[in-house]
Amino acid sequence: AQSVAQPEDQVNVAEGNPLTVKCTYSVSGNPYLFWYVQYPNRGLQFLLKYITGDNLVKGSYGFEAEFNKSQTSFHLKKPSALVSDSALYFCAVRDTNNAGNMLTFGGGTRLMVKP
Amino acid sequence: DGGITQSPKYLFRKEGQNVTLSCEQNLNHDAMYWYRQDPGQGLRLIYYSQIVNDFQKGDIAEGYSVSREKKESFPLTVTSAQKNPTAFYLCASTRAAVNYGYTFGSGTRLTVV
Chain A
1 AQSVAQPEDQ
11 VNVAEGNPLT
21 VKCTYSVSGN
31 PYLFWYVQYP
41 NRGLQFLLKY
51 ITGDNLVKGS
61 YGFEAEFNKS
71 QTSFHLKKPS
81 ALVSDSALYF
91 CAVRDTNNAG
101 NMLTFGGGTR
111 LMVKP
Chain B
116 DGGITQSPKY
126 LFRKEGQNVT
136 LSCEQNLNHD
146 AMYWYRQDPG
156 QGLRLIYYSQ
166 IVNDFQKGDI
176 AEGYSVSREK
186 KESFPLTVTS
196 AQKNPTAFYL
206 CASTRAAVNY
216 GYTFGSGTRL
226 TVV
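Sequences listed follow chains A and B, in order.
Position one of the first sequence corresponds to residue 1 (our numbering), numbered consecutively onward.
Position one of the second sequence corresponds to residue 116 (our numbering), numbered consecutively onward.
Hints are not guaranteed to be accurate.
[As the list claims (entries may be wrong)] Facing chain A, a subset of chain B residues (Cβ under 10 Å, in silico):
#, residue
1, G117
2, I119
3, P123
4, F127
5, L142
6, Y148
7, Q156
8, L158
9, A196
10, N199
11, T209
12, N214
13, F219
[Claimed, not checked] Computed list of chain B residues with no C-beta within reach of chain A, every gap over 10 Å:
#, residue
14, D169
15, E184
16, K198
[To be verified] A few chain B positions that, by computed beta-carbon distances, are all more than 10 Å from chain A:
#, residue
17, E139
18, N143
19, R183
20, K185
21, T192
22, L205
23, T218
24, R224
Calculated directly from the structure, the hints in this document are not laboratory data.
Predicted, not measured: the structure shown is a model, and the values here were computed from it.
Even glycine gets a Cβ: it sits at the ideal position worked out from N, Cα and C.
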């Protein structure tokens, strides 16, 4: 079985400060990991993914994520937050052993960036 | 441009009515999904389909129905049996390859009046 957890319902950060949104996962095989962002009344937009290779993945809008196999984590980071980064962020995982090919989503973390 | 289109953007339903939400994709994706999202909450899977003419129940299928007669289309019907249908509905699609993520539509907001 595959699962993903986002332990924080909300993260508050001041504009210009670094931000981290946490994600941990559980799979039986190897993970494929994804981050999505959702702005109000919109669908989810793809930010970045980890499939294999370099543990540090760079994505859209200056976001990056670090895959840590020993800690089973895939935290989303950005060196300098913008007010426009305020949104709902979802982590998702797919197990390479998952024949059903479905993603499992975390519960989401609301990021609030204050001026 | 390829993409996934949901319509309408806003939908109002009277109690006791069935309504159908449209989801169309021109990405040649094999699998399609319907999710329900309540305010400030995460995604809950309603139904999914991995091939034409086949679909499976998700976690909250009661009160909903779907069809997959064409690869491009996966409409969702919210029936009168769904007692609390007011929510934001999201459709997604993906290829069969495991390293693909989902592409999401822009959503339909359904309100019971």
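Do the hints match the structure? See the list:
Because the closest C-beta pair between G117/B and chain A is about 14 Å apart, greater than 10 Å, the hint is violated. Hint status for I119/B relative to chain A: holds, with the closest Cβ pair at about 8 Å, below 10 Å. Hint status for P123/B relative to chain A: violated, with the closest Cβ pair at about 13 Å, above 10 Å. For F127/B, the interface hint is violated, since its Cβ never comes within 10 Å of a Cβ in chain A; the closest pair sits about 15 Å apart.
Hint status for L142/B: violated, given a least beta-carbon distance of 13 Å to chain A, over 10 Å. Because the closest C-beta pair between Y148/B and chain A is about 8 Å apart, less than 10 Å, the hint holds. Here the hint on Q156/B is kept, as its CB sits about 7 Å from the closest CB of chain A, short of 10 Å. With a least beta-carbon distance of about 5 Å to chain A, the hint placing L158/B at the interface is held under the 10 Å criterion.
At about 25 Å, the closest approach between the beta carbon of A196/B and any beta carbon in chain A exceeds 10 Å, and the interface hint on this residue is violated. Interface hint status for N199/B: violated, as the beta-carbon distance to the closest one in chain A is roughly 19 Å, over 10 Å. Annotation: T209/B was flagged as interfacial toward chain A, and the flag holds, the nearest CB pair being 7 Å apart, inside 10 Å. Proximity of N214/B to chain A holds as hinted, the smallest CB-CB distance being about 5 Å (cut-off 10 Å).
Annotation: interface hint on F219/B holds; nearest CB of chain A at approximately 4 Å, less than 10 Å. For D169/B, the shortest C-beta to C-beta distance to chain A comes to about 13 Å, beyond the 10 Å cut-off, and the non-interface label holds. Annotated as non-interface, E184/B keeps its C-beta farther than 10 Å from every C-beta of chain A; the closest such distance is 21 Å. No Cβ of chain A approaches the Cβ of K198/B within 10 Å, the least distance being about 23 Å, so the stated non-interface status holds.
With a minimum CB-CB distance of about 14 Å to chain A, E139/B clears the 10 Å threshold, and the non-interface call stands. The claim that N143/B is not at the interface with chain A holds, since no C-beta of that chain comes within 10 Å of its own (minimum 15 Å). With a cut of 10 Å on Cβ distances, R183/B stays outside the contact zone with chain A, its closest approach being about 15 Å. With a cut of 10 Å on Cβ distances, K185/B stays outside the contact zone with chain A, its closest approach being about 20 Å.
At the 10 Å boundary, the C-beta of T192/B stays outside the reach of chain A, the nearest C-beta of that chain being 20 Å off. Distance check on L205/B: its Cβ comes as close as 6 Å (rounded) to a Cβ of chain A, failing to clear the 10 Å threshold; non-interface status is violated. Interface exclusion of T218/B from chain A breaks down, the closest Cβ pair being 8 Å apart, not more than 10 Å. Some Cβ of chain A comes within 10 Å of the Cβ of R224/B; the nearest lies about 7 Å off, and the non-interface call is violated.
Hints 1, 3, 4, 5, 9, 10, 22, 23, 24 from the list above are not met by this structure, while the remaining hints are.
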